[in-house]
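Engineer: Each chain is listed here by its residues.
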Amino acid sequence: MTGVTRRGLSTDELAARVAGDVPRGAFVNLGIGLPTRISNHLSPDSGVMLHTENGMLGMGPEAQGDIVDLDLINAGKVPVTELPGASYFHHADSFAMMRGGHLDVCVLGAYQVSARGDLANWHTGRSDDIPAVGGAMDLAIGAKQTFVMMNLLSRDGAPKLVPECTYPLTGVGCVSRVYTDLAVFVIEDEGVAVRELFDCTFDELMRLLEVPLLDRTREGDR
Amino acid sequence: MTGVTRRGLSTDELAARVAGDVPRGAFVNLGIGLPTRISNHLSPDSGVMLHTENGMLGMGPEAQGDIVDLDLINAGKVPVTELPGASYFHHADSFAMMRGGHLDVCVLGAYQVSARGDLANWHTGRSDDIPAVGGAMDLAIGAKQTFVMMNLLSRDGAPKLVPECTYPLTGVGCVSRVYTDLAVFVIEDEGVAVRELFDCTFDELMRLLEVPLLDRTREGDR
Amino acid sequence: MVSILDNPAEAVAGIPDGATVMIGGFGTAGQPVELIDALIASGATDLTVVNNNAGNGDVGLAALIRAGRVRKIVCSFPRQRDSWHFDQKYRAGEIELELVPQGNLAERIRAAGAGIGAFYTPTGYGTSLADGKETREVDGHHYVLEYPLRADYALVKAHRADELGNLVYRKTARNFGPIMAAAATTTIVQAEEVVPVGALDPEIIVTPCIYVDRIVRVPAPARAPEPVGAGQ
Amino acid sequence: MVSILDNPAEAVAGIPDGATVMIGGFGTAGQPVELIDALIASGATDLTVVNNNAGNGDVGLAALIRAGRVRKIVCSFPRQRDSWHFDQKYRAGEIELELVPQGNLAERIRAAGAGIGAFYTPTGYGTSLADGKETREVDGHHYVLEYPLRADYALVKAHRADELGNLVYRKTARNFGPIMAAAATTTIVQAEEVVPVGALDPEIIVTPCIYVDRIVRVPAPARAPEPVGAGQ
Chain A
1 MTGVTRRGLS TDELAARVAG DVPRGAFVNL GIGLPTRISN HLSPDSGVML HTENGMLGMG
61 PEAQGDIVDL DLINAGKVPV TELPGASYFH HADSFAMMRG GHLDVCVLGA YQVSARGDLA
121 NWHTGRSDDI PAVGGAMDLA IGAKQTFVMM NLLSRDGAPK LVPECTYPLT GVGCVSRVYT
181 DLAVFVIEDE GVAVRELFDC TFDELMRLLE VPLLDRTREG DR
Chain B
223 MTGVTRRGLS TDELAARVAG DVPRGAFVNL GIGLPTRISN HLSPDSGVML HTENGMLGMG
283 PEAQGDIVDL DLINAGKVPV TELPGASYFH HADSFAMMRG GHLDVCVLGA YQVSARGDLA
343 NWHTGRSDDI PAVGGAMDLA IGAKQTFVMM NLLSRDGAPK LVPECTYPLT GVGCVSRVYT
403 DLAVFVIEDE GVAVRELFDC TFDELMRLLE VPLLDRTREG DR
Chain C
445 MVSILDNPAE AVAGIPDGAT VMIGGFGTAG QPVELIDALI ASGATDLTVV NNNAGNGDVG
505 LAALIRAGRV RKIVCSFPRQ RDSWHFDQKY RAGEIELELV PQGNLAERIR AAGAGIGAFY
565 TPTGYGTSLA DGKETREVDG HHYVLEYPLR ADYALVKAHR ADELGNLVYR KTARNFGPIM
625 AAAATTTIVQ AEEVVPVGAL DPEIIVTPCI YVDRIVRVPA PARAPEPVGA GQ
Chain D
677 MVSILDNPAE AVAGIPDGAT VMIGGFGTAG QPVELIDALI ASGATDLTVV NNNAGNGDVG
737 LAALIRAGRV RKIVCSFPRQ RDSWHFDQKY RAGEIELELV PQGNLAERIR AAGAGIGAFY
797 TPTGYGTSLA DGKETREVDG HHYVLEYPLR ADYALVKAHR ADELGNLVYR KTARNFGPIM
857 AAAATTTIVQ AEEVVPVGAL DPEIIVTPCI YVDRIVRVPA PARAPEPVGA GQ
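Sequences listed follow chains A, B, C and D, in order.
If you're matching positions, the first sequence starts at 1 in my numbering and goes up one per residue.
If you're matching positions, the second sequence starts at 223 in my numbering and goes up one per residue.
If you're matching positions, the third sequence starts at 445 in my numbering and goes up one per residue.
If you're matching positions, the fourth sequence starts at 677 in my numbering and goes up one per residue.
Misleading hints may appear alongside valid ones.
[Said to hold, decoys possible] In silico DSBU-like pairs for lysine-lysine, Cα to Cα no more than 35 Å straight-line:
1) B:K366 / C:K577
2) C:K577 / A:K144
3) D:K748 / D:K809
4) B:K366 / D:K809
5) B:K366 / D:K748
6) D:K809 / C:K577
No lab work stands behind these hints, which were simulated from the structure alone.
None of the values given here were measured: they were computed from a predicted structure.
The whole structure should be built from the sequences, with the hints applied where relevant.
Structural biologist: Following this line, the structure appears as structure tokens:
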């Protein structure tokens, strides 16, 4: 990022913005990568409980130093800690919890999100890539709400909110909100609504994206 | 039974006979009713572990007096005890254990068994009966081997080992052995084989039953 | 987030007429009698109840049936020596019965909680309880297609709960509690003890708190003694 | 009945060439390294391995792959920063990959142990990983038909075993152990401790002994430190 004039939210600002939309007491899975940062912005008294798909509810922050326990890791295989009230369960039970719609919110990174809420985040589609899906497809479709957290543009400037995903899909019509450095989008039945703008106007956003947008920036959050 | 001339094995003798065919260390479910008596004939050093479908492995004898605990019952809802090495699990896990073929032996009572090993033991088929199936259908098809323990003739003298069941089926082709007061039968691909006779000759048995029988009484147990 | 309520009446508040209610327990072991009593007192009627049985004696589920609040029961073993209230309603045509083999009942409840759309089970294949159901042969074995069984509410009895809603059970009273807690939109628990967060070892929690919505402490739950040999 | 064996070599004895072997663990947590080392030493080859990943670093599953013993791997997340042995074999066309979404992998293993013939899962619907698979709409939701995943052997790492074979695990090292133990014909366990029968509380046993065939005590299991951020 150094040396580049950037606008919009920084990653940490964006993480804080997403955290602000996580309801008190929610059960949440934060996908590996960027969404993990959201946990830094969830206050302990929010009552939010984090799920990690490798078999734990009530996950605490990353473990450091002496408390690292290699039997206690998150989905990204990083050593973590256990909060009071945590519980452990096996993989079938953990994915039953996800698939069964018990998590309130799941936040994932993405390569692309389509105007209908299709998600592409597991495979670039390049033929020389070794495919690996992990729990991405379960996370995409399992939670009551799936949020995406990503930069709106790829490194080469291509919009990642698109009319149709060109990358291989992770899930169909599963994304409800897209949090980006430049705007917050809500996928509605009528189309993609812009709820909030960061250092960017609605007109600029319309020029950046090929997706028809509804201007909902003046409406209160709901 | 009093006053009636009976031949063949008594219920307890029959229970002991079945117990003799339960392999050392086997995991066994004994259906409610007659088969429950088999547990009295399994020696503690046999290593046999009893499963009860309401969520326990390692069930001990019936509880009496002060040790009765109404949270610890068997499938017949009789208070029982816990043996060292017991474990508890919920109903889906318990029936997964059964359906998944992990029990070595299940012993059930029966209204009828057909020559192909079909079992009828859950419903008389009378229209005024309130139907109740419980775990009968799961038990019938789940274990590695399903044994039936019954009297060969009904109270009105009708044979209960029949060419085709006339009572509603519990399971199709699921019975491998039938232990009765008069004989032990093995359901084989070639037909019903008589392995052992009690106060009864093979010819008498052939006259009693409409099922073609193979005489295997002179072959060693296998 | 769980609500810890002061009494069973508050715990069952809002269960509407016509609701589908799962009730834990196998016979009386694990049956949440105080929650059922509160449900009776609430006046809710036209209920569909999911339970392994159809009531024992005169208390709990039996009393709910006697009070005429159950339109339909989904269960595996209604007929027991002490199921007289069900028997009477059934013979009078006043209660509908959906009879499900016990393992299919458990797996259908589990499937609802686990987000499974349907599954093929060997149990019941070739029997009258599979009449009209789709079947399939897989690797030479025969299966019946069964669908998930969901509920609006689950009433569950646990041994201990912590203040977040994590649960442990006692012995065979565990039975249907964990799967019903996961299969219902709203899960209401009566626990003998409610302990502080952190008092339950995370390794031994059977029902994680995500499945629990309301808790009420019932320190000495009532129960009719189980008649011996009451049937499966 | 369980056999308690003196060393990992005896524990894995008899695994033939061509066997399907489930190996527990998520990354290195729960990975039974000593059993895998013994499997390598046994010479068994042409194996089909079921694991969440495809090896980390140079030990355990990674070493088995490096040794060329794995014909095919069924997993959800092969590519990690430290999966170099798999990557090399895969790019060289020397290992076959069946990629399964993690929850479908877990549910397929669970279905094998639970005697379910097949099930409909929403996971993967509409994606390339469901290409060619049967689908069905139930209540307006779309599902893909998936089949059970069985194995000849499971290699599982537990925390404690009792002398009957009942198991408890430690923290997130539990992961695939319980379901793999139930899905394999023969389940082989390495446990840090083997305690007398009765020493484990029946309420906290995670894997009942019916699922366990062989146990070997490995008091201080080896493990490569987990590289930070190695991927899902």
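Engineer: Give a verdict on every hint.
Structural biologist: Outcome of the hint check:
no.	hint	in the structure
1	B:K366 / C:K577	holds (26 Å)
2	C:K577 / A:K144	holds (31 Å)
3	D:K748 / D:K809	holds (20 Å)
4	B:K366 / D:K809	holds (31 Å)
5	B:K366 / D:K748	holds (30 Å)
6	D:K809 / C:K577	holds (22 Å)
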